Amino acid sequence: MEKPLEIRWHGRGGQGVVTASRILADALLREGKYFQAFPEYGPERMGAPVKAYNRVSDAPIRIHSGVTNPEIVVVVDPTLIGAVDVLEGLAENGTVVANFPGTPKELRDLLHFSGGRVAVVDASLISREILGRVVVNTPILGALCRVLPQVRLESVLEAVRAQFGEKLRAEVVEKNLACLRRAYEEAQIG
Amino acid sequence: MKVMQERVSMGLNGNAAAAHAMRQINPHVVAAYPITPQTDCVERFAEFVSEGLVDTEFVTVESEHSALSACIGAAASGGRVMTATSSQGLALMWEMLYIAASMRLPIVMMVVNRALSGNINIHCDHSDTMGARDAGWIQLFSENAQEVYDNMIQAVRIAEDMRVRLPVMVTQDGFIISHAVERVELLGDEEVKTFVGPYKALYSLLDLQHPVTYGPLDLFDYYFEHKRSQIEAIDNCLPVIEEVGKEFGKLSGRFYGLLEEYRLADAEYAVVVLGSTCGTAKEAVDRLRDRGKKVGLLKIRCFRPFPKEQIIRALAPLKGVAVLDRSVTFGGFGGPVFTEIRSALYDVSPRPLIIDFYYGLGGRDIYVEDIEKAFARIEDVVRVGWVDKHIDYLGLRE
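As they're listed, the protein sequences go chains A and B. Residue numbering for the first sequence follows my numbering, beginning at 1 and increasing consecutively. Residue numbering for the second sequence follows my numbering, beginning at 1 and increasing consecutively.
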């Protein structure tokens with residue numbers, strides 16, 4: 001059986017990486033895919049580095065081990081770069097998706113990462129401009145969507161609407177969707 | 001949320017899958033106390049209660065001992081009763097577990113498998129459920145969130161069958177399944193309602209025309225005879241569990257037996273395992289098969305009652321068996337799964353060589369490569385012709 005595609009999320013406690021991995025799962029459900037979304041549970045504290053994971057496949061997923069060699073890593077918080085080894089176990093030709101205020105080349109230099117692909121977007125700036133505060137987990141999904149052909153932008157937008165539709169005011173939900181769309185468009189891949 | 005008449009695919013973790021099954025079953029009474037990692041299930045079910053999606057009397061209690069006590073009272077009074085717990089919670093229920101089974105009350109309980117203290121550990125192993133294996137409950141293990149959902153629905157039919165009338169535990173691995181969102185196919189609400197059928201009360205305390213007594217003093221005059229009938233009652237459940245598994249298969253397309261044999265038909269070596277590790281073991285089997293190894297997996301879904309005949313049939317033709325135990329028996333000869341399987345195979349001639357591995361205690365991860373190591377070891381044992389070391393560890397740091 002073909003190995004599922006594996007994604008590892010890096011963020012800090014309180015930034016919503018677990019929620020992001022679950023929104024991605026919901027988007028994949030809308031695409032008719034099979035998926036897993038699970039966090040790494042430890043002593044969680046606000047601001048401490050946290051991880052979450054996804055698996056993606058066209059067939060039911062049987063493996064229930066932790067993810068050690070992801071094809072994609074998503075870095076939600078730029079201050080983690082250099083603080084934790086975000087490239088640990090990344091597959092050959094793997095992809096790094098990052099909330100980062102520079103170019104793909106600048107991120108590659110910082111990480112000493114020459115292979116694979118890099119997708120960067122300044123999710124912090126986008127959310128500050130649209131929402132008036134830094135909310136990075138929704139916009140980063142837009143950048144991820146650009147390098148993940150298994151899921152279309154429309155499905156991610158629907159999943160975000162389903163996640164927040166009952167909890168947030170309609171206007172705030174629309175702004176979150178606007179962040180996601182803009183991050184999708186502005187993501188630089190290189 | 002809306003009532004769901006149609007079948008639907010959802011992204012759910014194991015706790016939510018169990019809560020949705022409980023919503024569709026719509027029991028008369030749920031008494032439960034939240035405990036990590038089961039909390040999410042009880043919280044979701046409480047939401048269904050507050051949204052008016054179920055008719056359940058939801059009893060909040062001050063401990064797990066009280067939770068099961070309330071369930072026992074409600075079941076003896078003639079209600080369909082469910083609960084959920086984990087780890088220390090199950091341990092605190094211990095004396096009530098035996099009482100529920102001895103009174104032949106068809107309570108269904110979801111157990112999220114978690115290590116027992118000390119030290120304090122909230123992650124998966126099977127110590128809690130295995131500690132309750134002798135209490136007289138039927139025990140069904142689940143590989144993934146889909147099986148949690150399916151087993152919960154079947155458990156109601158099994159428990160309430162007039163040939164059974166015993167409590168059932170449906171287990172899932174803590175965090176690995178309870179907190180991992182996977183795709184789960186739900187049946188329609190009406191389909192589940194029809195499948196479980198209306199509850200038939202037996203010897204209800206509230207049936208004032210036919211007064212009965214539960215749990216009286218029962219000394220050397222009759223206690224032994226009552227235990228004999230309880231022993232036979234649980235042994236007689238096996239065909240009912242199989243029957244319900246087939247009927248559920250006809251409805252859902254997902255068929256269940258007491259065991260699942262994976263690529264075992266022509267195998268020479270097998271691992272035996274329960275719960276979420278079965279999926280990881282299937283990957284290991286496939287990889288080794290690609291390299292020409294004749295290997296397979298025996299997954300035990302029903303551990304209590306122990307399906308001895310079926311296990312003998314599945315394992316007797318093999319050269320070697322590696323049992324994976326996710327709980328220990330301190331001072332015993334191997335883990336609970338090993339001990340029982342080795343004993344069952346004693347009369348078989350020739351019989352496979354058997355070794356045991358303790359693995360995954362306190363949530364230690366297990367990888368495909370670990371299971372490949374277990375296969376390599378049993379192959380070595382068979383090559384040598386005898387077992388040098390009966391019990392070893394997988395994934396332990398030395």
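Everything labelled a hint here was simulated from the structure, so no lab data went into it. Hints should not be assumed to be uniformly reliable.
Said to hold, decoys possible - The calculated BS3-like cross-link candidates involving lysine-lysine, where the alpha carbons are at most 27 Å apart (straight line), are: (1) A:33 to B:250; (2) A:3 to B:293; (3) B:293 to B:200; (4) B:294 to B:308; (5) A:3 to B:373; (6) B:250 to A:3; (7) B:200 to B:227.
As the list claims (entries may be wrong) - Rough simulated footprint, nothing fancy, chain B against chain A, three-plus residues with beta-carbon under 8 Å: (8) 22-30; (9) 62-68.
All of these numbers come straight from a predicted model, not from anything done at the bench. Built from N, CA and C at the ideal position, the CB exists for glycine as well.
Evaluated hints:
| no. | hint | in the structure |
| --- | --- | --- |
| 1 | A:33 to B:250 | 25 Å, holds |
| 2 | A:3 to B:293 | 20 Å, holds |
| 3 | B:293 to B:200 | 51 Å, violated |
| 4 | B:294 to B:308 | 24 Å, holds |
| 5 | A:3 to B:373 | 20 Å, holds |
| 6 | B:250 to A:3 | 30 Å, violated |
| 7 | B:200 to B:227 | 24 Å, holds |
| 8 | 22-30 | holds (count 5) |
| 9 | 62-68 | holds (count 6) |
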